[in-house]
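Asker: Chain by chain, the residues run as shown.
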Amino acid sequence: MTRLFLAAGVAALALAVPAGAKPGGNGGGGGHGDRASASVQVRGGGGGHANNGGGFQAHGGGGFQVRSVERHGGFQAHGGGSFQTRGFERHGGFNGQRFAAFDRGHGRGAVSVEEHGRAHANAQRFERQQVRNVNREQFRSNRVQNREAFRNELRGNHVERVQNREALRDQFRNNRTEQFQNREALREQFRSERLARNENFGANARGYGIGGCPPGLESKGCMPPGQAAKLLGQPVSSAARIAALSALPLSARYLYPDTNDYYYRYGDGYLYRVNRESSLIDSLLPLAFGGYMPGTYFPSSFMNSNYYVPDYYGFNSFYQDSPYTCNRYVNGVIYQVNCMTGMIEDVVPLYAGGYGVGQLLPSGYGYYNVPYQYRDMYYDTSDYGYWYAPGAIYQYDPSSSMITSVAALLSPGFTIGQPLPLGYDAYNVPYAYRATYYDTPTAWYRYNDGYIYQVDPTTQLVTAIVASILRG
Amino acid sequence: MKTPILTLGLAAALLAAGGCSKSGEHRANPQTPEAQKAAGDKTISAGLAADSKFMAAAKAAGLDQTLAGAGPYTVLVPDDAAFGKAPSGTFDAKPENRAQLTGILTNLILPGTVMAADIDKAIEKGKGKAVLATMGGGTLTATKEGGKTVLADSKGDKATVTQADDRFSNGVVHHIDAVLMPAKGAAAPPAKAGQ
Chain A
1 MTRLFLAAGV AALALAVPAG AKPGGNGGGG GHGDRASASV QVRGGGGGHA
51 NNGGGFQAHG GGGFQVRSVE RHGGFQAHGG GSFQTRGFER HGGFNGQRFA
101 AFDRGHGRGA VSVEEHGRAH ANAQRFERQQ VRNVNREQFR SNRVQNREAF
151 RNELRGNHVE RVQNREALRD QFRNNRTEQF QNREALREQF RSERLARNEN
201 FGANARGYGI GGCPPGLESK GCMPPGQAAK LLGQPVSSAA RIAALSALPL
251 SARYLYPDTN DYYYRYGDGY LYRVNRESSL IDSLLPLAFG GYMPGTYFPS
301 SFMNSNYYVP DYYGFNSFYQ DSPYTCNRYV NGVIYQVNCM TGMIEDVVPL
351 YAGGYGVGQL LPSGYGYYNV PYQYRDMYYD TSDYGYWYAP GAIYQYDPSS
401 SMITSVAALL SPGFTIGQPL PLGYDAYNVP YAYRATYYDT PTAWYRYNDG
451 YIYQVDPTTQ LVTAIVASIL RG
Chain B
473 MKTPILTLGL AAALLAAGGC SKSGEHRANP QTPEAQKAAG DKTISAGLAA
523 DSKFMAAAKA AGLDQTLAGA GPYTVLVPDD AAFGKAPSGT FDAKPENRAQ
573 LTGILTNLIL PGTVMAADID KAIEKGKGKA VLATMGGGTL TATKEGGKTV
623 LADSKGDKAT VTQADDRFSN GVVHHIDAVL MPAKGAAAPP AKAGQ
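So the protein sequences, as listed, match chains A and B. Read in order, the letters of the first sequence are residues 1 to 472 in this note's numbering. Read in order, the letters of the second sequence are residues 473 to 667 in this note's numbering.
The following block holds chain A by itself, in its conformation from the complex (with noise of 0.2 Å):
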């Protein structure tokens, strides 16, 4: 009976041992006969350990821990006595099953002095496994704690992180708003700056300022025609504020004499009379003739054809519609409208209709373009500038722009093989040339625009250009 127990036993533990040895990856060999037997689990496996028999220490090769380590000096016969084995099911791995299997099995009669050994060892191992289940739950609380705390710290940064993110934006938008303020500041300085140089620019302004200001041209010392309308009646004291007013150039004082009662100003495209009595503005005379001024809307009406650019003088020519331009005459004045707007950009009077001296040159033709011919006489000194328009030579005054005498006059100019304008029926050469050019049967002489043309008289075709009497 007892060989058989025994031998039941012995089958057990050898059972029971190579499986304990199993999970952990290397068990040692685990249990053999009756020399040893170490219950090691070692969690998570690779690393080799020590088995020396007397006890050891595991280490993980790999980083692994070794949980716990058991070690038996040995087997030694225990008293009797059974043992509880609740505290190895409780684990459910696989040991106490097998132990739950192997009590099963011995519990119900004697106990071995081999399995009451193994049943001691168990017990150890209970304690054991109970302390590390502590040790597991303490860590599992500590761990989730610990990820709580780290949660909970993650949520405060995050809140504080919103709070500065917060902090910021509203830094920024008050920086923003402050800097808006700074570069409204700024403008309004520019502006103002501009503005007194406006104030200040109006005695030299060149160019524009025939009456009326197109749009973006006040910032070159044109004053819109409505703000000078202001200035009637006023005292000559506020228009200077307004305007930068001046005595009239010597050479165009002629034109606009001063006398007891009165006497003239100019400044920004105006003539200010100034009633000597009184200070007061009481006449204001744009530079500019015409019944319309650039900036004005040029009204529908005149749009039509038949209020073209005349062709007499070669005007049509000289002032040639744009795809954006569109030049009309009334009344002797070009108009040049803007196509798309109608809005009048400048105003150019024909001196044919009334062009003439006092007024200002148009701000788009303050070139030198006077005819070939004239260049040698009419030339741009520092007093005097000329400048061509259809009709004359304008003999004009540098530093105000206004046109101080008309210098020369022209008609139509010829040209070769076309046929000879009506009105030149009579001989016209000058003294000098008439013993040279004198009019034949086959040959007449013309004179016009500085040249002697010859004319067939026959097909009344102009055919040669003969002399020019300006250049000798």
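Take these hints with a grain of salt, some might be off.
Claimed, not checked - Computed from the model, here is a short list of chain A residues facing chain B with C-beta under 8 Å:
(1) A123
(2) Y372
(3) Y379
(4) T381
(5) S411
(6) G423
(7) Y427
(8) V429
(9) Y447
(10) Y451
(11) V455
FYI, nobody ran anything at the bench for these hints, they're computed from the structure. This one's a predicted model, so the numbers in the text were calculated from it and none came from an experiment. Each residue gets a CB set at the ideal place from its N, CA and C atoms; glycine is no exception.
Position chain B relative to chain A; hints supplied.
Answerer: Frame of chain A, contents of chain B only:
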């Protein structure tokens, strides 16, 4: 109130004084030397009586300098009596009237030197009529009536040449007994001056 006026007056005086040395002489002879040389000794501007109504009107229109220029021009000068016959205000020297004045005067100036004999020849060739172009962009029609040369404007108003062929360095002057007006709306319509 007084101070600004005084300042302004002072500024004006300074300007005037400063300008004198520069443009005083130029006002008398505003042309470039070349232009003066070409015009010769006695120009139309200098030759006509300075106190005549024509010269007053020419001065108001800035054309006195033109007639002192190289030219050559043929100028039809209405006598003073003719100016009196024109509608009142036609020849006012006011700046506002300058456009109209300029239009009228340029219609009395012809390009080149046209002598009375040249007009007569042209009338002959033209079978009793000659058309003369003016600097104002219009035309005058010349005919012979009772041995005298008669000029008519576009409206048909007539003027007779009373004294022909006053020769000057830069052209010729014919005196006429009436003012000829430019065609309205074409050559020299009066442009309105804003006030």
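Asker: Are the hints correct? Go through all of them and say.
Answerer: Cross-check of the supplied hints:
1. A123: Cβ of A/A123 sits 121 Å from chain B, so the hint is violated.
2. Y372: Since chain B brings no Cβ nearer than about 15 Å to A/Y372, farther than 8 Å, the hint is violated.
3. Y379: holds (6 Å)
4. T381: Given a least distance of 7 Å, the restraint on A/T381 holds.
5. S411: Cβ of A/S411 sits 4 Å from chain B, so the hint holds.
6. G423: The hint holds - A/G423 has a Cβ within 8 Å of chain B, the shortest such distance being about 3 Å.
7. Y427: holds (4 Å)
8. V429: holds (7 Å)
9. Y447: holds (4 Å)
10. Y451: violated (10 Å)
11. V455: violated (13 Å)
When held up to the earlier numbered hints, the structure conflicts with 1, 2, 10, 11 and fits the remainder.
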